[in-house]
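Undergrad: Each chain, written out:
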Amino acid sequence: MQQPAPAESVEREVVVRASPEETWRALTDPDELREWLAEEAELDLRPGGELGVRIDGETREGFIEEVSEPAADEAGRLAFWWGEPGSELSRVEIELTEVDAGTRVRVIEAQPLVTVETIVIGEIGPDFGGAAPQMSALSIVG
Amino acid sequence: MASVAARDAVFDALADPTRRQVLTLIGEHGEATASALARELPVSRQAIQKHLSSLAAAGLVAAKREGREVRYRLTPAPMSDAVSWMASVGGQWDSRLAALARHLGG
Numbered sequence: 001m002q003q004p005a006p007a008e009s010v011e012r013e014v015v016v017r018a019s020p021e022e023t024w025r026a027l028t029d030p031d032e033l034r035e036w037l038a039e040e041a042e043l044d045l046r047p048g049g050e051l052g053v054r055i056d057g058e059t060r061e062g063f064i065e066e067v068s069e070p071a072a073d074e075a076g077r078l079a080f081w082w083g084e085p086g087s088e089l090s091r092v093e094i095e096l097t098e099v100d101a102g103t104r105v106r107v108i109e110a111q112p113l114v115t116v117e118t119i120v121i122g123e124i125g126p127d128f129g130g131a132a133p134q135m136s137a138l139s140i141v142g
Numbered sequence: 143m144a145s146v147a148a149r150d151a152v153f154d155a156l157a158d159p160t161r162r163q164v165l166t167l168i169g170e171h172g173e174a175t176a177s178a179l180a181r182e183l184p185v186s187r188q189a190i191q192k193h194l195s196s197l198a199a200a201g202l203v204a205a206k207r208e209g210r211e212v213r214y215r216l217t218p219a220p221m222s223d224a225v226s227w228m229a230s231v232g233g234q235w236d237s238r239l240a241a242l243a244r245h246l247g248g
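Read top to bottom, the protein sequences are chains Y and P.
Taken in order, the first sequence gives residues 1 to 142; the numbers are from my numbering.
Taken in order, the second sequence gives residues 143 to 248; the numbers are from my numbering.
Because the hints were derived from the structure by calculation, they are not lab data.
Where hints are given, some of them may not hold.
Among chain Y residues calculated to face chain P with C-beta under 10 Å, some are [claimed, not checked]:
1. Arg12
2. Ala18
3. Thr28
4. Ser68
5. Val107
If you're wondering where the values come from, they're calculated on a predicted model, not measured in any experiment.
All C-beta atoms in this analysis are idealised placements derived from N, C-alpha and C, irrespective of residue type, glycine included.
Next up, chain P with everything else stripped away, as it sits in the complex:
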C-alpha cells in the first residue's frame, strides 16, 4: 500500500469537483490539452492548468510535450490506492464483526 501522504494527495486532488470533471474528460478523450479542456468546462485555461498541476502532483495524470502542446493522460496506478483502502477497511470490519459475533455467542 502506498504511503499515507501519497493517499492524502490523491484524496485532496479528487475532493475538487472541477478536478474530477477534468479527470473524467481526459478519461473520455484518452488524452487532452489544457486548451481543449477549457473549451469544455466553464473555467479559464489558467484555472485548468492549475488543476492539471495538482492532478499531476498527486500522480493522477501524466504530461507529455508534443511540439508546442502539452497533452495529459490518466495514470491508473494511484486509483488502485482507493481500491486497496476499501479492501483493507473491509477486511478489518470482517474480523471485528466476527469477533463481535463470537463475543455475543453468535
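For reference, chain Y alone in the conformation it holds in the complex:
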C-alpha cells in the first residue's frame, strides 16, 4: 500500500529588516498584532493556549501548538491551528531565521482536513501532548 504524501500546503516567505526577536514580538504580542494585522487579537502564548483574531472583519479561532522563541543560534518557531468559528482548522507554522539583512519569515499553512470537533472532542485534545494530528494526503493529484 502506498503511504499518504504530505497534505497540500501553501508556503510563503519574506525577509524583514528587523531582528528575529523584534519579528517574534510583532507576531506574538497582541498589541503589536493590532498595529499591522488584525482589528482584534488575543492569544495565550503557550502550547494548547487559545487564540482569536479578527482580520478584515473575519474572525478566526484556534489553539497554539508550539512556542519556540528565537535564540542566539536557534530559529524561532510558532505553530498554531486556526479557522473560522465552526469550520475546520488548518495548521500554520511560522519560522524565523536570522539572515544578513534581518530575519527570514517562512510561513506554511496546510490544507484544512481536521475538523474543530476532532480537535476539541477527539483523541488529539487541545494540549496536543506532543503529537500533532496526522494530516491526510491528497495523493491522487497528478
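Starting from the known structure of chain Y, arrange chain P on it as the hints suggest.
TA: Just chain P now, kept in the frame of chain Y:
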C-alpha cells in the same frame, strides 16, 4: 469559489486512504466498475460501492449505467476547489507578510 459545505464534502471524501486509491485507479483506467475496483483493492465490492457513493456525493466521480454495469469516471471540477483554496490562502499570506515587512520597516 464553491461553498464551504461543498469543499468540506470533498475534503471528507479525500480523507480516506481507500477512497483516494479508488480515485487513483479510476484515473488510471479512465473509468471503472465497482467489481473491477474490488479485484484490485483488498476490500469487498460492497465496501467499494459505499466509497463510490461518498465520492459521487462529493462530486468527485460520476456514474454512467451501461447495461447491467455502472461505470464510474472522474469529474475534474471539484479538484479545482483545492487549487482555489491554495490560491486564496497564498494571496492572504502575501498581503499579511507584506504588511509585516512594512510594519518592521522592511
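Undergrad: If a hint holds in the structure, say so; if it doesn't, say that too.
TA: So, going through the hints one by one against the coordinates:
A distance limit of 10 Å between C-beta atoms decides the matter here; for Arg12 (chain Y) the minimum to chain P is near 4 Å, and the interface restraint holds. Annotation: interface hint on Ala18 (chain Y) holds; nearest CB of chain P at approximately 4 Å, less than 10 Å. A least Cβ separation of about 12 Å between Thr28 (chain Y) and chain P goes past the 10 Å threshold, and the interface hint is therefore violated. Below 10 Å, beta-carbon pairs count as interface contacts, and Ser68 (chain Y) has none with chain P, the closest being about 19 Å; its hint is therefore violated.
The criterion of a C-beta within 10 Å of any C-beta in chain P is met by Val107 (chain Y), whose closest approach is roughly 5 Å, and the hint holds.
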